[in-house]
Amino acid sequence: MTTALSIPLEHVFFLAIILFLIGAFGVLIRRNIIFMLLSLEIMMNACGLAFVAAGARWAEPDGQIMFMFILALAAAEVAVALGLVVQFARRFETLDIDRAEELNG
Amino acid sequence: MHLLWAIPALPLAGFLILFLTEGRLPRAMVSNIGAGSVGLAALLTGYVAWQFISSDSTSFTSSSWTWMIVGEFNVSFRLWVDALSLVMVSVITGVGFLIHWYATGYMSEEEGYSRFFCYMNLFVFAMLILVMGDNLLLLFLGWEGVGLCSYLLIGFFHKVPEFGYAARKAFVVTRVGDTFLIIALFLLFREVGSLEIQEGLVYARENMSDASTINTIICLLLLGGAVGKSAQVPLQTWLPDAMAGPTPVSALIHAATMVTAGVYLIARMQDFFMLSQTAMLCVAAVGLITLLIASFTALVQSDIKRVLAFSTMSQIGYMFFALGVGAWSAGLFHLMTHAFFKALLFLASGSVILAMHHEQNMFKMGGLWKKLPIPFIAMLVGSAALVALPLTSGFFSKDAILLKAWKSDSDFATLFWTVAVIAAFLTSLYTVRMMVLTFFGKPRSEMHELKKESLWHPSRIRTVVPFGLLAVLSIAGGWMGFEFTSDLFGDKGVHAEFHFDPIALLTLGVPFAGVVVGYFLFASDLIDRRRLIKNKMGELLSKFWGSGWGFDWVYDTLIVKPFRFIAQTRLNRNDVVDLFFNLIKFLANLFHHILSMFQTGHVRWYAFTMVGGLLLVFLAVVWI
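Here the protein sequences line up with chains U and R, keeping their order. Its first residue numbered -14, the first sequence is counted upward by one per residue in our numbering. Its first residue numbered 65, the second sequence is counted upward by one per residue in our numbering.
Only chain U is shown next, with the shape it has when bound in the complex (with noise of 0.2 angstroms):
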């Protein structure tokens, strides 16, 4: 099979290279949990991206493969964390992520 990539490599990369410090200095600044949540998903989606476009690039199936892994980490990840955030705003009554310091050493 010959790639119909017609985009080089580089360009995929440093798409997701700027997605990823997208997420990463949103979760850094953002105080909205829901917020960091989507900046996470970001992230893992900019990983993704990179492992399919790598995976296309040297005809492997295995980006593909550590992409479909990625979206069930996604699911579960979601599935954990947003029943910590519907805990968390009843407790606190705000999603304010600086309001949960009181587990500290």
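Do not rely on the hints blindly, as some may be mistaken.
Only part of the chain U face toward chain R is listed, based on derived beta-carbon distances under 8 angstroms [said to hold, decoys possible]:
no., residue
1, 11
2, 78
3, 80
4, 82
5, 85
6, 86
7, 88
8, 89
Computed beta-carbon distance windows for the label pairs [claimed, not checked]:
no., chain 1, residue 1, chain 2, residue 2, range
9, R, 654, U, 63, 16 to 24 angstroms
10, U, 49, R, 683, 28 to 36 angstroms
11, U, 77, R, 655, 29 to 37 angstroms
It is worth saying that the hints were derived from the structure and are not from the lab. As the structure is a prediction and not an experimental result, all values here were calculated from the model. Cβ coordinates follow ideal geometry from the N, Cα and C atoms, glycine included.
Chain R: place on chain U using the hints.
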């Protein structure tokens, strides 16, 4: 020989069943499992022995699996039975079964009935591994196993603190010997490169010279191990205290089998010992010294079981002595006959003690022969064998040892022989004293209300059968036995034939002389016994002998008390060792505080440090 493995496996199975059910089984079933497993093993041993005698081979082996392989060091779980082990296995399973049988009656009113048989079965298993193992490490496994069971069973009545102390004492003192043994194993491995017994013996025969120093050291260390296990001087102090255990335990472990493990070890390593004159001399000397010390001590004891304990020590002294002068088969023969008659004596004394409501002081007994006829007869037979009256089993074995000692080419043969004969005389003295005090004379205590339904209740009549069988063995064990053991080591020489020379006559006459003198000393009114004891010399001697020649006192002063002092005073509270451990505690505490500072509870701070760390790793990868 494919059935060989089943002999130790049966008691092991019994142990496992009793252990896992934790005493929930009914007593009848416990008896059947506990005694039955050993009984089946005895039957199987009989079958193996019959096959062994009718076959031409000199040994049976049975390989099961490899225990461990570490580099060159290879230990397989192989059982090896030749004539030497077969004698031991027969004694362990045969006498062991009779004692188990007796114990089903003796222990029937005690708490922890199931626990008792559980430990006993484990003991039989460990002892069988000890004598059947084809590897010194396997032997050591059994060696430690029987030590453990000895500890558990001495302290069987665990509600009495003194018994627990006796158990710990036995454990710790034998551990001293075990340390010697394991060092001997290390040295042997370094010399021979293997712990396989047969390989080692071949190596000793072919590669070692007579004057080899390392061989002498190994033999002396092995002797150290044997001394600890077999309660010989100077590690003999635990055996009298071990009498705290139930009487069947004393009979099985501390008379018939475990304490003879040392004799077995030396006999097993014969080819090493043969090369070293020094080691042989030490074995003989240890045996003789123990023989004398124990005989004198037995003369002044008041506790019937302690008399038997010291008697056991002295008889094992005979065995060591026999090994030391090269009378290998005679020593082993004595081991076998001693197992018969000493088990009988212990069981009979157990019946007496039970009938007297756990009274062990002979001075509170007396005149019991009419009330306890069967123990009396049993004890009489056992005593006759112990003092070696002609035609009893003890006579054949002891006579063989004494004759062989006389004929041995050692420089000290005459001295050795003289001491051994004196000890034989003392043996008859203390035996007569024990019999007279226990069974004859006037009853000396008010406690003579014998329990109705005691040992002679129909349900307990089963205790009589072991008496009968052991009595038969004590008499007849000598007639058939010596042929069996005599060609073990190829020394066909000494049979207990009746030689018409003065030495043999003297050997023959000494027990009678002892009995006659003992009668005049302890039973007749011709000699005023009070005047004999009530003077300075007599009091001093009886006190000195009574305390076991002061060994306990010496160890107490030299080791136990200083150790306690160091352990208990403030001197030791903050010592160097503690310093190290306090440092660990301090560091753990410090790191805990430092690390807990990082846990701020700010989730975004955690995320930031994670990203920062990631960046650092990236930078490091790029730059390096």
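Quick check: which numbered hints come out false for this structure?
Going through the list in order, the structure violates hints 1, 2, 3 and 9 and respects the others.
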